[in-house]
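Here is what each chain is made of, one letter per residue.
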Amino acid sequence: VVFAKLSKCTQTMECSGKWIGVGKKCFYFSGDTKNWTASKRFFSSQGSKLAHIDTQEDMEFLRRHAGTFMHWIGLNRKQGESWKWTNDTTLNPWFGISGIGSFAFLNADGVHSSRGFIDIKWICSKPKF
Amino acid sequence: MENADGYMVLDYKNCFKFRQKSKGRNIVSPCIYNIIVLLVCSCIGILIFMITLICLNFWGKIMDFSQKVIISPLVGNNYLCSKDWLLNQEKCTFSISSKTWNESDLGTLPFCHFAPSSESQHDCANLQAHLPVIQTFKELESIQRTLKPGSPGWIGLYVTSPGKWMWINKSPFRSNVYALSPSFLITGPTDHKRCALITGNQVYSEDCNSKFNGICQRDAF
Chain A
15 VVFAKLSKCT QTMECSGKWI GVGKKCFYFS GDTKNWTASK RFFSSQGSKL AHIDTQEDME
75 FLRRHAGTFM HWIGLNRKQG ESWKWTNDTT LNPWFGISGI GSFAFLNADG VHSSRGFIDI
135 KWICSKPKF
Chain B
80 MENADGYMVL DYKNCFKFRQ KSKGRNIVSP CIYNIIVLLV CSCIGILIFM ITLICLNFWG
140 KIMDFSQKVI ISPLVGNNYL CSKDWLLNQE KCTFSISSKT WNESDLGTLP FCHFAPSSES
200 QHDCANLQAH LPVIQTFKEL ESIQRTLKPG SPGWIGLYVT SPGKWMWINK SPFRSNVYAL
260 SPSFLITGPT DHKRCALITG NQVYSEDCNS KFNGICQRDA F
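For the protein sequence lines, the chains are A and B, in the order given. Under our numbering, the letters of the first sequence match residues 15 to 143, in that order. Under our numbering, the letters of the second sequence match residues 80 to 300, in that order.
Isolated chain A (complex conformation) (with noise of 0.2 angstroms):
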């Protein structure tokens, strides 16, 4: 009975199809090219969204993983406020964004401002259920 219930408390901990897993979390990478708002709205229907990164484990993980690509990730700003994640939360700066930009990417380097209308790859995250 043990096992029969660890056996299917690791399936559902796996992450299907091209999604990685990774902590608590599945991560997309796409093959793609987008602007910000375009990748947002890319797989929003699925209960996923543009990455939310919280944890220094994920982090090295998605820059390793980015490598020089970049990335759309899901933070932005208005003019003159904090960085915010797609679902109102604001960051707690944990880590650095370079530039003045109000959309965040993505790549090994580490996370930079954009303007937001230049097609690049994106990042999507999901919790593992």
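Think of the hints as simulated: they come from the structure by calculation, not from any bench. Don't take each hint at face value.
Unchecked claim - In the DSS-like style, the derived pairs of lysine-lysine whose C-alpha atoms are separated by at most 27 angstroms in a straight line are:
1) B/K272 to A/K48
2) A/K98 to B/K272
3) B/K272 to A/K92
Chain A is already provided as a structure; the job is to place chain B on it using the hints.
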């Protein structure tokens, strides 16, 4: 070969006879050794033959490769770039890591300098290069083809006064030259402190203080 074959057959027959004669006496025929030696020799022969074939094949590939190396600059009308640089319409380009536009092309234009902390291999000034000045539509397309999706790069185009773009060699940006090519419309605002960023599809105006990869360009040999 025929002789050897004949000899082997004869020997084998003799062997067979000898064996029949010596049946029950438990004597090992000496020509069994001959057969073993022959077998070993033929094995070695086949092995040498195989090795020669493989070597010839490999050599053929090397020859092919060297031919390609010689031909490729010829295709580009005799223009040459140093190792790791890409040939783009009579010019060579090199991609550099995330920097602000100013860091990518600082101070004494048209040559770009880097902060002393940046790696020497990315030092545009040492490479005697500058951010790309794109003069023809072909050149634009050629640079765009080399960009992978998701890795845009700074080019040597910036806003001097609201609405006015200028190349780093002080030549004005003439949009009418590119009127028939929608991909050279610059997307985004053109107020002050804007610099041009190129992706595989379009050219964008970005904040000059944002960090993006740069492209260094210099004339081909």
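Hints versus structure:
no., hint, verdict
1, B/K272 to A/K48, "holds (24 angstroms)"
2, A/K98 to B/K272, "holds (25 angstroms)"
3, B/K272 to A/K92, "holds (19 angstroms)"
The structure meets every hint from the earlier list without exception.
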